[in-house]
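Please build the complete structure, drawing on both the sequences and the hints.
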Amino acid sequence: MNPELEIGLYIFMLSGFLGYHVITRVPPLLHTPLMSATNAISGISLIGSLVVAGADYSRLSTILGFIAVTCSATNVVGGFLITDRMLRMFKKGAPTAKDAKGPSRS
Amino acid sequence: MTALSYFYIVSAVLFIFGLKGLSHPKYARRGMFLAELGMLMAVVGTLFHHEIVSFRWIIVGLAIGTVVGGAMGWWIPMTAVPQRTALSHSLGALAATLVGISEYVRHGILLGRVKMAAIGLEVVIGGLTFTGSVMAAAKLQELLPGAPITYKGQNRFNFALLASITGLLVWLVWQPSASAAFYFLVGLALLFGFLLVLPIGAADMPVVIALLNSYAGLADASMGFVLMNKIQIITGSLDGASGFLLSILMCRAMNRSAVNVLFGAFGKVEVAAGPEKEAKGAVRSIVAEETAVLLESATSVIIVPGYGLAVAQAQHGVSELANLLTKRGIDVKYAIHPVAGRMPGHMNVLLADANVPYDHLYEMEQINPYFAEADLALVVGANDVTNPAAKTNKSSPLYGMPILEVERAKSIIVLKRSMRPGFAGVDNELYYNPKCMMLFGDAKDSLNKLFAALK
Numbered sequence: 001m002n003p004e005l006e007i008g009l010y011i012f013m014l015s016g017f018l019g020y021h022v023i024t025r026v027p028p029l030l031h032t033p034l035m036s037a038t039n040a041i042s043g044i045s046l047i048g049s050l051v052v053a054g055a056d057y058s059r060l061s062t063i064l065g066f067i068a069v070t071c072s073a074t075n076v077v078g079g080f081l082i083t084d085r086m087l088r089m090f091k092k093g094a095p096t097a098k099d100a101k102g103p104s105r106s
Numbered sequence: 001m002t003a004l005s006y007f008y009i010v011s012a013v014l015f016i017f018g019l020k021g022l023s024h025p026k027y028a029r030r031g032m033f034l035a036e037l038g039m040l041m042a043v044v045g046t047l048f049h050h051e052i053v054s055f056r057w058i059i060v061g062l063a064i065g066t067v068v069g070g071a072m073g074w075w076i077p078m079t080a081v082p083q084r085t086a087l088s089h090s091l092g093a094l095a096a097t098l099v100g101i102s103e104y105v106r107h108g109i110l111l112g113r114v115k116m117a118a119i120g121l122e123v124v125i126g127g128l129t130f131t132g133s134v135m136a137a138a139k140l141q142e143l144l145p146g147a148p149i150t151y152k153g154q155n156r157f158n159f160a161l162l163a164s165i166t167g168l169l170v171w172l173v174w175q176p177s178a179s180a181a182f183y184f185l186v187g188l189a190l191l192f193g194f195l196l197v198l199p200i201g202a203a204d205m206p207v208v209i210a211l212l213n214s215y216a217g218l219a220d221a222s223m224g225f226v227l228m229n230k231i232q233i234i235t236g237s238l239d240g241a242s243g244f245l246l247s248i249l250m251c252r253a254m255n256r257s258a259v260n261v262l263f264g265a266f267g268k269v270e271v272a273a274g275p276e277k278e279a280k281g282a283v284r285s286i287v288a289e290e291t292a293v294l295l296e297s298a299t300s301v302i303i304v305p306g307y308g309l310a311v312a313q314a315q316h317g318v319s320e321l322a323n324l325l326t327k328r329g330i331d332v333k334y335a336i337h338p339v340a341g342r343m344p345g346h347m348n349v350l351l352a353d354a355n356v357p358y359d360h361l362y363e364m365e366q367i368n369p370y371f372a373e374a375d376l377a378l379v380v381g382a383n384d385v386t387n388p389a390a391k392t393n394k395s396s397p398l399y400g401m402p403i404l405e406v407e408r409a410k411s412i413i414v415l416k417r418s419m420r421p422g423f424a425g426v427d428n429e430l431y432y433n434p435k436c437m438m439l440f441g442d443a444k445d446s447l448n449k450l451f452a453a454l455k
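Sequence order for the protein chains is A and B. One point on numbering: in my numbering, the residue at position 14 of the first sequence is 14, and numbering is uninterrupted. One point on numbering: in my numbering, the residue at position 306 of the second sequence is 306, and numbering is uninterrupted.
Honestly, the hints are just simulated from the structure, not real lab data. All values derive from a computational prediction rather than experimental measurement. Warning: the hint list may mix true and false statements.
As the list claims (entries may be wrong) - Derived DSBU-like pairs (lysine-lysine); straight-line CA-CA distance at most 35 Å: (1) B:K230 - A:K92; (2) A:K92 - B:K394; (3) B:K327 - B:K230.
To be verified - Sample of chain B residues lacking proximity to chain A, with all beta carbon distances greater than 10 Å (derived): (4) A95; (5) L143; (6) A452.
Cβ coordinates follow ideal geometry from the N, Cα and C atoms, glycine included.
Here it is, written out as structure tokens:
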């Protein structure tokens with residue numbers, strides 16, 4: 001097996017497990033921001049697209065790379081912005097006496 | 001190892017901390033700040049990549065992306081977040097597909113089997129996610145009808161298409177120089193994504209968005225394999241795992257398998273399976289003024305918002321009503337079913353947007369014990385998720401679906417347009433419960449009337 005591929009597959013597998021466990025702990029309350037956050041983070045494809053757009057491999061590559069840069073940058077900027085907008089909305093209410101207790105067993 | 005590699009390692013760590021922050025609303029913003037920092041580092045670091053010789057198109061692309069993304073991020077209303085998410089899956093997938101094509105064109109015959117397989121997967125997953133997500137966004141934006149679009153032999157055709165895609169992919173790995181096959185493969189993948197989402201109804205969108213999220217992650221990861229970019233493998237894998245987990249959660253909440261969602265064309269199939277029409281007792285209808293009296297005499301109220309509330313955009317009305325009740329010393333809680341809304345967690349965002357504090361929002365497992373002692377359950381636009389048949393009636397298509405145990409409240413008021421069944425096409429036994437009263441009409445309208453009557 002190609003050693004680079006081997007390392008890549010290990011990384012893929014391990015981060016998959018890591019992701020599963022980190023994300024299991026995200027409460028359903030934040031599932032929508034979670035999705036837009038992972039969306040923004042996976043906009044990291046921007047770094048691959050940057051090289052394709054700037055390396056002058058061929059005219060076609062530059063055009064495809066340019067479109068890819070535009071798409072990924074949109075995802076990064078839009079994704080992080082809307083995630084923050086949503087997270088800012090989540091506010092705790094004024095504590096009331098009843099809130100703290102569980103269902104009373106009367 | 002270049003300096004850039006160190007940048008990427010730090011970025012990866014920051015991304016993981018960022019996602020970890022989302023485990024509590026208190027740390028979530030700080031977490032996202034870390035993730036943003038990670039992204040900035042990775043991007044700025046990459047600009048010093050030795051292969052980059054011209055910045056012209058990079059700058060133009062970044063500028064357009066920032067403006068479009070900024071506009072999408074700032075001005076999109078919270079009700080449109082599902083569409084935006086679907087659209088952004090499609091953009092990410094498009095980027096992966098285009099980079100895949102560019103790599104194929106650049107290396108062509110020189111590609112080894114491993115690289116070819118990675119590029120093949122990249123364009124297939126990327127392509128189908130692109131068109132699939134565009135379709136999903138169009139359905140969510142109601143540019144296309146929300147009802148499932150089906151035709152005869154649909155599943156057979158889709159399977160045949162999937163088989164041809166797999167066949168072509170295998171052949172290309174064998175014979176990377178077959179460029180006609182490559183472009184044909186891209187075309188088929190695009191067609192497949194389109195056809196895959198065509199038969200899926202609006203009610204199933206939470207599952208579909210989560211699945212597409214997972215695919216977008218996988219497309220990103222395969223792009224990482226093509227460019228041997230490890231941070232991209234990491235983020236792609238994280239994204240893939242996240243989407244996968246969310247789709248499992250959504251499927252479980254709807255009591256259906258992913259296969260059933262994708263190939264079942266729900267709604268269409270199930271409507272036929274409802275022949276059990278026995279006498280179930282009378283339905284009691286109520287007017288807003290009476291409802292207001294009931295609300296006023298209650299000491300604890302649980303509000304059950306559902307998809308119908310999102311459709312009627314009645315979240316602000318609900319929030320105002322709840323505020324009024326709280327001011328009069330009535331305890332108000334919200335019961336949120338996992339599939340309320342149009343994407344995972346959507347209802348929470350809609351209510352947060354309407355200034356409902358998040359500690360008033362209760363998940364299904366948390367709230368169910370409270371119903372027994374609630375004086376009143378107010379169901380707004382939710383149907384199937386409150387049907388007691390899911391627990392008691394083994395022959396019901398809903399049987400086994402986790403529900404909000406509304407029927408245990410002392411009295412129940414349902415705000416609903418008509419007696420039309422929900423997406424599962426089954427009658428809701430709840431409505432025939434002697435404790436249950438129906439307030440017919442548009443949710444937003446009814447809430448306004450309630451508000452006026454209470455004032």
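So, going through the hints one by one against the coordinates:
no., hint, verdict
1, B:K230 - A:K92, "39 Å, violated"
2, A:K92 - B:K394, "41 Å, violated"
3, B:K327 - B:K230, "55 Å, violated"
4, A95, "4 Å, violated"
5, L143, "20 Å, holds"
6, A452, "25 Å, holds"
The structure fails hints 1, 2, 3 and 4 (numbered hints given earlier, in ascending order).
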